[in-house]
Amino acid sequence: MSIRSALFVPGNSAAMVLSSPVLSADAIILDCEDAIAIAAKDSASLLIKHTLLHLPRRQKEYWVRINPLDSEFFHQDLINVLPARPDALLIPKANGDEWRAVVNAIEKIEKQFGLLPVRLIALIESALGVLTCEKVARDERCHGFLLGGEDFASDMGIVRREDNRELLYARYQVCTWAKAFKKLCLDTPYTDIDNLSGFQSDCEFSASIGFDGKACIHPLQADVANEVYAVSEKQILWAKEILDETERQNVGVFSYKGKMIDRPVILRARQIIEKAKKWGLLR
Amino acid sequence: MKYTPMEPYQYKESYSPKSFPEFKSARQNHAVQRVQSLDELFAKIQLQDGMTISFHHHLRNGDAVMNLMLDEIIRRGIKDLTVAASSVFPVHTSLAKAIEANFVTQVVTAYMSGAVADAVSEGKCLYPCVMQTHGGRALSIESKKLKIDVAFIAAPAMDHQGNLSGRQGRAACGSLGYAIADAYYADTVVAITDTVEPLNHIDIPYICVDAMLTVDSIGDPAGIVSGTTRITKDPVGLAIAKKTVELMDAAGFIRDGLSFQTGAGGISLAVAASLHQKLKEKKVVGSFASGGITGTLVDMFEQGLFEKLYDVQCFDLSAVASIEKNKNHIAISASQYGNPYNPDNIVDRLDVVILGASEIDLDFNVNVTTGFDHRILGGSGGHADTAYGSKFAIIVSKLVSSRISVVVDRVTTITTPGDTVDALVTDYGIAIHPRHSELLEQLKKTTRLPMVSMKELLDIANQLCGTPQLIHPKEKVVALMEYRDLSLLDVIHQCDDSL
Amino acid sequence: MNRPIRTGIAGTLESNDCQVTVEPSHDDTVTIRLESVVKARFGHQIEKAIRDTCDQMQLTGATVSVNDKGALDFTIKARVETAVKRSL
Numbered sequence: 001m002s003i004r005s006a007l008f009v010p011g012n013s014a015a016m017v018l019s020s021p022v023l024s025a026d027a028i029i030l031d032c033e034d035a036i037a038i039a040a041k042d043s044a045s046l047l048i049k050h051t052l053l054h055l056p057r058r059q060k061e062y063w064v065r066i067n068p069l070d071s072e073f074f075h076q077d078l079i080n081v082l083p084a085r086p087d088a089l090l091i092p093k094a095n096g097d098e099w100r101a102v103v104n105a106i107e108k109i110e111k112q113f114g115l116l117p118v119r120l121i122a123l124i125e126s127a128l129g130v131l132t133c134e135k136v137a138r139d140e141r142c143h144g145f146l147l148g149g150e151d152f153a154s155d156m157g158i159v160r161r162e163d164n165r166e167l168l169y170a171r172y173q174v175c176t177w178a179k180a181f182k183k184l185c186l187d188t189p190y191t192d193i194d195n196l197s198g199f200q201s202d203c204e205f206s207a208s209i210g211f212d213g214k215a216c217i218h219p220l221q222a223d224v225a226n227e228v229y230a231v232s233e234k235q236i237l238w239a240k241e242i243l244d245e246t247e248r249q250n251v252g253v254f255s256y257k258g259k260m261i262d263r264p265v266i267l268r269a270r271q272i273i274e275k276a277k278k279w280g281l282l283r
Numbered sequence: 001m002k003y004t005p006m007e008p009y010q011y012k013e014s015y016s017p018k019s020f021p022e023f024k025s026a027r028q029n030h031a032v033q034r035v036q037s038l039d040e041l042f043a044k045i046q047l048q049d050g051m052t053i054s055f056h057h058h059l060r061n062g063d064a065v066m067n068l069m070l071d072e073i074i075r076r077g078i079k080d081l082t083v084a085a086s087s088v089f090p091v092h093t094s095l096a097k098a099i100e101a102n103f104v105t106q107v108v109t110a111y112m113s114g115a116v117a118d119a120v121s122e123g124k125c126l127y128p129c130v131m132q133t134h135g136g137r138a139l140s141i142e143s144k145k146l147k148i149d150v151a152f153i154a155a156p157a158m159d160h161q162g163n164l165s166g167r168q169g170r171a172a173c174g175s176l177g178y179a180i181a182d183a184y185y186a187d188t189v190v191a192i193t194d195t196v197e198p199l200n201h202i203d204i205p206y207i208c209v210d211a212m213l214t215v216d217s218i219g220d221p222a223g224i225v226s227g228t229t230r231i232t233k234d235p236v237g238l239a240i241a242k243k244t245v246e247l248m249d250a251a252g253f254i255r256d257g258l259s260f261q262t263g264a265g266g267i268s269l270a271v272a273a274s275l276h277q278k279l280k281e282k283k284v285v286g287s288f289a290s291g292g293i294t295g296t297l298v299d300m301f302e303q304g305l306f307e308k309l310y311d312v313q314c315f316d317l318s319a320v321a322s323i324e325k326n327k328n329h330i331a332i333s334a335s336q337y338g339n340p341y342n343p344d345n346i347v348d349r350l351d352v353v354i355l356g357a358s359e360i361d362l363d364f365n366v367n368v369t370t371g372f373d374h375r376i377l378g379g380s381g382g383h384a385d386t387a388y389g390s391k392f393a394i395i396v397s398k399l400v401s402s403r404i405s406v407v408v409d410r411v412t413t414i415t416t417p418g419d420t421v422d423a424l425v426t427d428y429g430i431a432i433h434p435r436h437s438e439l440l441e442q443l444k445k446t447t448r449l450p451m452v453s454m455k456e457l458l459d460i461a462n463q464l465c466g467t468p469q470l471i472h473p474k475e476k477v478v479a480l481m482e483y484r485d486l487s488l489l490d491v492i493h494q495c496d497d498s499l
Numbered sequence: 001m002n003r004p005i006r007t008g009i010a011g012t013l014e015s016n017d018c019q020v021t022v023e024p025s026h027d028d029t030v031t032i033r034l035e036s037v038v039k040a041r042f043g044h045q046i047e048k049a050i051r052d053t054c055d056q057m058q059l060t061g062a063t064v065s066v067n068d069k070g071a072l073d074f075t076i077k078a079r080v081e082t083a084v085k086r087s088l
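Protein chains in written order, with the working numbering: chain V, 1 to 283; chain H, 1 to 499; chain W, 1 to 88.
Some clues are possibly wrong.
[Unchecked claim] Here are the computed lysine-lysine pairs in the BS3-like style, where the Cα-Cα straight-line distance is at most 27 Å:
(1) H:398 to V:278
(2) H:391 to V:60
(3) V:240 to H:445
(4) H:233 to V:234
(5) H:398 to V:234
(6) H:444 to V:278
(7) V:277 to H:243
(8) V:60 to H:233
Simulated from the structure, these hints should not be mistaken for lab results.
Predicted model only: the values in this text are computed from it and were never measured.
Based on the provided sequences and hints, a complete structural model is requested.
Following this line, the structure appears as structure tokens:
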């Protein structure tokens, strides 16, 4: 799974849910949590259930952000949403100390309904979450991380800055642990939706330190993220050459244009082509 | 004998130019008679039962003149009139009243909405109405097929000699393009104004005008700006606009000299905004933009992205301001705009036009006239004219809104024949008319544009919405669709209002 | 069987959505009242979506009123299910 952009969509808005399949984001995150008022939690979770059951997903992933373990809605969300087969669940306020309890609750319901294990994405959005994300990364049920900068800043008692410098430690920490265990890693949302060039710089930095993609809170952000986190035309050409040459040479290691080509290089070339294929970048 | 198109529609490659003499230009020693009251006016014009009267729609939903005249007609009991109005809006309630009581027994127009459209759809008008195009209306008047006995022209400003201008006065509306044919060809022309003062620019010369009447107000300036002229904020609409400009680029139209027109719907306007970015990026200068002019196009023109604006109608107040001050913002008549036989018509010089649709079918026929229930909701305006004239007519729309799919098996009413439509851009992909198979192959090979067939779009829509039940209208024909060359394109039946 | 004991309302009157009201009734049937902007085109399908959802939830003794603004079936089902649950 490679995701350049994951767009939050309020789970109780019929119109926004309906338009989600044609938006450019690689993943749609149907939200039961922060975007939904307490009185509408039941309604959102049921609209998400029927959306997952009936709306054609068009090669897009549909994730659900459920309510946290310690809320009264956690269990109801799982019962409604899990049998409708989301592509992943986004677990809010994730941290190493509570991760297993969350997984156990989910596995209980998976067993009850006879479901295959769903992919779990940990939303790291607290000081504890950042410091204990190693434990989550080591867990086999964890599929990836999404960093939540706003809640992290509140937890730290700090004010968000335009350049995101206050997030540096969290970003490097979360991203490096994710990569250490080959997990997906998505960067924090950028809240100024009118400033697309600021959003782009933010994406460029996060891509440069290893994030795979970005959480988006407006559809137009997804277009930008898709460009920034995609593989470039140049990379695709390179990968095609390497793979063609591999086929021709038919040996494990060979030299091409003065460079040694071995298994990790071939693997990287394959990954690039796979991503390009998935995102429709091959002509 | 009521007005009616006769010949059935048949696609024509081209129309050979004809000349339409502006015979009033030859009038000698002409003086405009100033009347002081409606009584004096009606005594002079001798309006008889069965005559044809005309109005223009530059004041759009702010117009007070049509209601004023029809109230007087009802008061005087003049019967069986034909009203030839360039468009009819919800404000025109007196026309609906006049139809229901047979004071007016036929409407000939290019667009109608509101109470009049309901009255016609529900079969309350004695004779079938004729739905024209803007260019077709000019042709029908200039060729004398549609003979206007009295034209009532709302004029935002008039001078003491009787010359008219749309650019001054409290209800300034800019171009008076839709009133020009009426002014030159009607037997009697009455100008109605609320502002008499010296003019900076004459849109209609006094030689056309027979009588002038001053009233307190010809209309509400706030109603001139229509509700549709706002750029969409919907991200899906914006994405459609962006894809449309990419399609224009891939098809080779984004180059110096581009001529362009766009409708005033939310997505159409967003295409103009997207095109603005693209022209700047590629440092391209277009030759002209035309049609109903909006602030979005004025911005592009004032930034040097188009050399000229050809304006048959100002859609908003920034267009009104621009036409007054910019030399290359040029007012044109409906005939210069879209009369197929006018050798200089602007639509024939268009590269690309962006248009809306309420329905488009597998043959690319477009309906912007009726809803799926056969009720009249609008009309061609310049839709069919620009689709015919332009090299590439692109329809833009969301595939599904409120469970209604824009793509249908067969349109309820044909406004614009598929022969003249080239592409449809939706949120679920782009369909190209099969006559452009080479272009389609090229786009598939060289771009990442999501190309689909019309059938695929219909299947997606049916999968989302379910298959709609067909809705049968009643037997009575309430309106005739007249193509821009005055042939009969389709008919509209009375809607079943029990549904 | 599930019988409502109070009025349950769900959904909105925005376009592409619908508002569903479930109320207790005196007999053992489910009465459906549908108002829709697309009733002439999709009335039967919408009524079927409502009926199916009520059946699945084993609803009885209820009046289900739907004011539809062009919602697709999945939205209608979700709103009916929510309103029924809120009425129990």
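Exercise. Are there hints from earlier that the structure breaks, and if so, what are their numbers?
Worked result: 2, 4, 5
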